[in-house]
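Peer 1: Next come the chains, spelled out residue by residue.
There are 4 protein chains.
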Amino acid sequence: MKKIKVGVAGYGVIGQRLADGVALQGDMELVGIADLAPTLSIRALKEKGMPYDLYLVEGADRGRFDALEIPVSGTFEELVEKVDIMLDSSPGGVGAKNKELYEKKGVKAVFQGGEKNTVADVFFHGYANYEKGVGADYLKLTSCNTTGLIRSVDCLDRAYGIEKVAITIIRRVADPGDYHRGLTNALQIDKAPSHQAVDLMTIMPHIEATGILVHTPVTHGHIITVLASGKQKITKEMAIEAFSRHDRIRMVRIADGFLGNASLFRYARDLGNPRGDMYEIALWEESIVESGNDIMYAINIPQESVTIPETIDAIRAACKMQLTRETGTAETNKYLGIGRGNKVR
Amino acid sequence: MKKIKVGVAGYGVIGQRLADGVALQGDMELVGIADLAPTLSIRALKEKGMPYDLYLVEGADRGRFDALEIPVSGTFEELVEKVDIMLDSSPGGVGAKNKELYEKKGVKAVFQGGEKNTVADVFFHGYANYEKGVGADYLKLTSCNTTGLIRSVDCLDRAYGIEKVAITIIRRVADPGDYHRGLTNALQIDKAPSHQAVDLMTIMPHIEATGILVHTPVTHGHIITVLASGKQKITKEMAIEAFSRHDRIRMVRIADGFLGNASLFRYARDLGNPRGDMYEIALWEESIVESGNDIMYAINIPQESVTIPETIDAIRAACKMQLTRETGTAETNKYLGIGRGNKVR
Amino acid sequence: MKKIKVGVAGYGVIGQRLADGVALQGDMELVGIADLAPTLSIRALKEKGMPYDLYLVEGADRGRFDALEIPVSGTFEELVEKVDIMLDSSPGGVGAKNKELYEKKGVKAVFQGGEKNTVADVFFHGYANYEKGVGADYLKLTSCNTTGLIRSVDCLDRAYGIEKVAITIIRRVADPGDYHRGLTNALQIDKAPSHQAVDLMTIMPHIEATGILVHTPVTHGHIITVLASGKQKITKEMAIEAFSRHDRIRMVRIADGFLGNASLFRYARDLGNPRGDMYEIALWEESIVESGNDIMYAINIPQESVTIPETIDAIRAACKMQLTRETGTAETNKYLGIGRGNKVR
Amino acid sequence: MKKIKVGVAGYGVIGQRLADGVALQGDMELVGIADLAPTLSIRALKEKGMPYDLYLVEGADRGRFDALEIPVSGTFEELVEKVDIMLDSSPGGVGAKNKELYEKKGVKAVFQGGEKNTVADVFFHGYANYEKGVGADYLKLTSCNTTGLIRSVDCLDRAYGIEKVAITIIRRVADPGDYHRGLTNALQIDKAPSHQAVDLMTIMPHIEATGILVHTPVTHGHIITVLASGKQKITKEMAIEAFSRHDRIRMVRIADGFLGNASLFRYARDLGNPRGDMYEIALWEESIVESGNDIMYAINIPQESVTIPETIDAIRAACKMQLTRETGTAETNKYLGIGRGNKVR
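Protein chains in written order, with this note's numbering: chain A, 1 to 345; chain B, 1 to 345; chain C, 1 to 345; chain D, 1 to 345.
Worth flagging that the hints you see were computed from the coordinates, not collected in a lab.
Do not rely on the hints blindly, as some may be mistaken.
One copy or any two copies: either way a pair holds, since identical chains are not told apart in the list.
Derived DSBU-like pairs: lysine-lysine, alpha-carbon spacing no greater than 30 Å straight-line [stated by the list, open to error]:
(1) K191 <-> K164
(2) K132 <-> K97
(3) K46 <-> K236
(4) K108 <-> K82
(5) K82 <-> K233
(6) K116 <-> K46
(7) K5 <-> K320
(8) K116 <-> K191
(9) K233 <-> K334
(10) K236 <-> K116
(11) K164 <-> K231
(12) K191 <-> K46
(13) K320 <-> K48
(14) K334 <-> K108
(15) K191 <-> K48
(16) K320 <-> K334
(17) K46 <-> K99
(18) K191 <-> K334
(19) K2 <-> K320
Isolated chain A (complex conformation) (with noise of 0.2 Å):
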């Protein structure tokens, strides 16, 4: 069987890691990454001996690239020729900029959350509207919190059905490694409703979303917590047994020592996975209770790497590789080893 032809725009802390997850995959094949500068990452990339073809997008400045030793093997236009589908993890707005691009050359592309949803036909998320992406040229997928957030509720609603969500979510507030941005020893409020609770609505819309979110000074891991109306009564059994038959959900205990947010991405170095990355969500056991006809529980995302397992989703969705949720999301699963380890007790 042809494998698809994959190419990454835009190789930094998103990129890099699509770069990666596409290399995983057993019928696809990574042709190649573009961006526009000697990076940290890019350098990263010559020690390593150069894994992937490098492209330069327009404006890169050759010269520096040469004066490196970093080979670079075309232009982004050869590199968009030579494919059937781009992920596109540029910067916010120059996606929609490439789209151009992307359209004439006839190439289908998957946009990350920075982008405006127009950038797309399908606003995506693997397991809760996959089939909408089926066939689909142009998909946004849903940012970090959102991906994370949606698995959850996504999970409960199959069970048992889901009626409202109201989330607080406790944000980080840069990357390990960013210095263009940060906080102090401060917590900073956004005006409500959150992004991800409207987005929520837009990718669920038969559940009422609202939500708050408080940036905190941290690196490791948004922390959600999320309060789920039922249509009936959902108990503490009820979700564990449903959270834990979720492949990208990793339940997890403060008397094991999972903490907080840091303890799970300790355990990913410990794991021995790249960069200390997860691409599941945790979800503390403990953290789980009941009140009236709601359930309430708190939720860790990885924000560094969560949407790379729902992004290549959606090149098996738009490529028609899978038809299904259910086949498509179980192919990612297999080529990243998603829902072995975290099923350990």
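Please build the complex by placing chains B, C and D on the supplied structure of chain A, with the hints as guidance.
Peer 2: Same frame as chain A, but now just chains B, C and D:
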């Protein structure tokens, strides 16, 4: 009219503020404060010229105070003998032991949130159950988060009726200057439900409450998001209307520059408030969102000072200085200067 | 005797403290302060009842102030016409522009560290080169770190002679309440040598200095380690002897509870200092170590307030209120209350 | 040739990395690791499929491991009986107790920096005093800061001669994932001189050293500023020349994007290094400044991994696998892959 004589046990973060607050009450007399060692707080008292008399608790090394030329006015027992009521802000557990002395000497006492509920006859909140404290001998204050939370919930409840509450507490992990505890680049989650939700139900038994608490590495103010389910539909305008009338709730706007807990701390410093403290909780106008019959909002809890007014209310109740919540809290507010500035917009 | 009339341009972190400091001087009159927008600082001024008159700089939207019922006393130009000297704590670069107005109106001015040295005739430090400022029209203050650093180096230099200095600046990255800058879980290094070392050589040209600056994610006080090479052997006792006599240096001990910059901030709050500010630098006794002819020590720089006394010294020098460093700094210290408390041990 | 058999006691932050490092050595065999409880590290080992055999130390509850289906290969004593040398990274103080067993069984051991110097015959550093360790039975490694510091000082000393050193250690206060220690919005100072300066003099007695240590609330890498006084004038170019030849020193530039300790952590993650670790210290080119005969520079110490190479050097010395520092460190570097990538610019 004879002034009520008050003593303070434990001159730490809370004790210093209790002493300052009592000293401002025109109908109370601060007899003295008691502590164990020449801490920085005691050294600051000395440098300020000993505005309050110092008594030493059992186990204190008098020689250390003499060597530092810190005047000592007597023993803890001698202090207790001189007062009508003690405010006990000793470290957790010590208050229960001190109670034996209070009982022996026939002195009333108000304990802080660190003690067990069983230390007191009444678990007290100035606005929610003032009348229960009237004439009581031993009262325990709600903790800082619970005190501020109940202010807002009681406010809505009296105006419109509240049935259910779900909270997320984004807790500051240390006070400015704390070196005995801290958290670095990590969020930490507690077993749910949080004690604040449970305590709210103890004070307001007609409301069902649950919640999750997450610790964050900051020092200026907890933030709590509250989802309150009304007996009737509560609109944003109705909520603003009620909150704006409450003397101990300060409505603020992100648009005005109140971006988070640190803005409020800076504002209190710029106001010239001693220590940069604020007695009011702040409530962000832009955080208020409706969702069906529910209303959601976020409040800021200035953890070092928020319980001071309610503790002084407790003196008024216990000593029957005022017999109703309206009159008791009004006197406290008058002497503390609460409810003037925060109505300036 | 006629009081010197002073205006303050820019009512931010520094400007507020300059205004408060001038207001305390018995031989000066604070005519007013000028700013552009109804910031939180201006709102706090309003809530306090407008203790200082407010003038608006060019570009200010008078309507916004009127809408908030904030009284306005006139324009920036009108303020300048009423004063003998302006303290300019405008954002960096604006001071240079304001200078044109000062020159036109024949008004002296003192600029803060953010302006270029060329804005002024004299780069000034109250203790190190007071006499250079006597009668000068335009002075620029050293920055906060340099001001505190020079206090300590000048102190040793006058007592024993210093030839060389090497510093490491452990810089707080934001002030409490800052949301426009920050750093999260990261140290950041600047190109060496740090400007503070270069500035020290400008003020004290007989000393050779170098240094490295590292930014840290905290808000309460920079810490500087200083390695000073004496013309003669300087023992720890000799250093303590000299430092203890300096009014703007507060000797502190780790053993007493002064564990770091946050302890000092808490102590200043507990002292009842407005905003929890401290004018003195702190110097840890246990940090002083000898190494051959060199002596090494660590100081704490309260970045928000440390330059206030030296700025007021600059008024005294520029306006020839006192002609010598001894008399000029002594008057400033007297009115600010410096040098009393910090001698209490 | 027979492989040297190695065991690791204590499978925490350091122990895990020692095990991984030994497993990479072609001339060593990792027999197993020993620990007390099913920590997150042990759970990660289980989830990875038990690449290393686990032995239980005295006091371990075997039932807990069985319940979690974690295979156990035997007791600590059984592990010790199977090896030639133990790497002891037990909690501080436990190593000294373990030594009794090592002596009884005639097994050599290398202790980590947390133990007292008296536990060992030789206080060891691979580059500075390798020959002292040759054939020794009990060695103690320098701590992480001292190990990295000595690399740089020894490098300059061998090239040009160093007489004196003054250091400022800007210490990260916790590792990623630590919840048992932390610091929030505070710098903390230690009594001077820092132990690292004292330890440097123990290892390199011909150098006079002093220093001050300040704790900062970050988790990724200590930064040390070093002022080194040469026997001769050392220029910036001379320093770069020497540092660039050292396999375990990575020269980096701020201009390339290495803005601080967090950039280096991110870079190591992007390199694909397990856990995002780096064995080399980094030295910023732009930090190097001359001052008379002195040279000043700043280095980054990756605290979790920096001692691994020198610990493996210690095995080589103790077991007489190589008899000189050049050959011993070269073998370690070869197997760990050190000295290739960091020469790529």
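Peer 1: Go through the copies and call it for K5 and K320: within, between, both or neither, with a Cα cutoff of 30 Å.
Peer 2: Result: close within a single copy only, 13 Å intra versus 54 Å inter.
Peer 1: Taking 30 Å as the upper bound on the Cα-Cα distance, should K116 and K46 be classified as within, between, both, or neither?
Peer 2: neither (33 Å within a copy, 41 Å between copies)
Peer 1: Pop the pair K320 and K334 into one bin, within, between, both or neither, using alpha-carbon distances up to 30 Å.
Peer 2: This pair counts as within: shortest intra-copy Cα distance 18 Å, inter-copy 47 Å.
Peer 1: If the cutoff is 30 Å on CA atoms, where do K108 and K82 land: within, between, both or neither? Let me know, please.
Peer 2: within (12 Å within a copy, 59 Å between copies)
Peer 1: Using 30 Å as the alpha-carbon threshold, which applies to K164 and K231: within, between, both, or neither?
Peer 2: Both: 9 Å inside a copy, 18 Å across copies.
Peer 1: Check K116 against K191 for me: Cα-Cα at most 30 Å, and say if that holds within a copy, between copies, both or neither.
Peer 2: For K116 and K191, only the intra-copy Cα distance (19 Å) is at most 30 Å; the inter-copy one is 38 Å.
Peer 1: At most 30 Å between CA atoms: does that hold for K334 and K108 within a copy, between copies, both, or neither?
Peer 2: This pair counts as within: shortest intra-copy Cα distance 24 Å, inter-copy 45 Å.
Peer 1: As a check of your reading, is K191 near K46 (CA-CA no more than 30 Å) within one copy, between copies, both or neither?
Peer 2: For K191 and K46, the Cα distance is within 30 Å only across copies (26 Å; inside one copy 42 Å).
Peer 1: Can you give me the call for K236 and K116, within, between, both or neither, at a CA distance of at most 30 Å?
Peer 2: between (37 Å within a copy, 29 Å between copies)
Peer 1: Under a CA distance limit of 30 Å, which applies to K233 and K334: within one copy, between copies, both, or neither?
Peer 2: Result: close neither inside a copy nor across copies, 34 Å intra and 48 Å inter.
Peer 1: 30 Å Cα cut-off: does K191 pair with K164 within a copy, between copies, both or neither?
Peer 2: both (20 Å within a copy, 24 Å between copies)
Peer 1: Is it within, between, both, or neither for K2 and K320, if the alpha carbons may be no more than 30 Å apart?
Peer 2: Within. Shortest intra-copy distance 13 Å satisfies the 30 Å Cα cut-off; inter-copy 56 Å does not.
In this structure, the hints that do not hold are numbers 5, 6, 9, 13, 18, in rising order.
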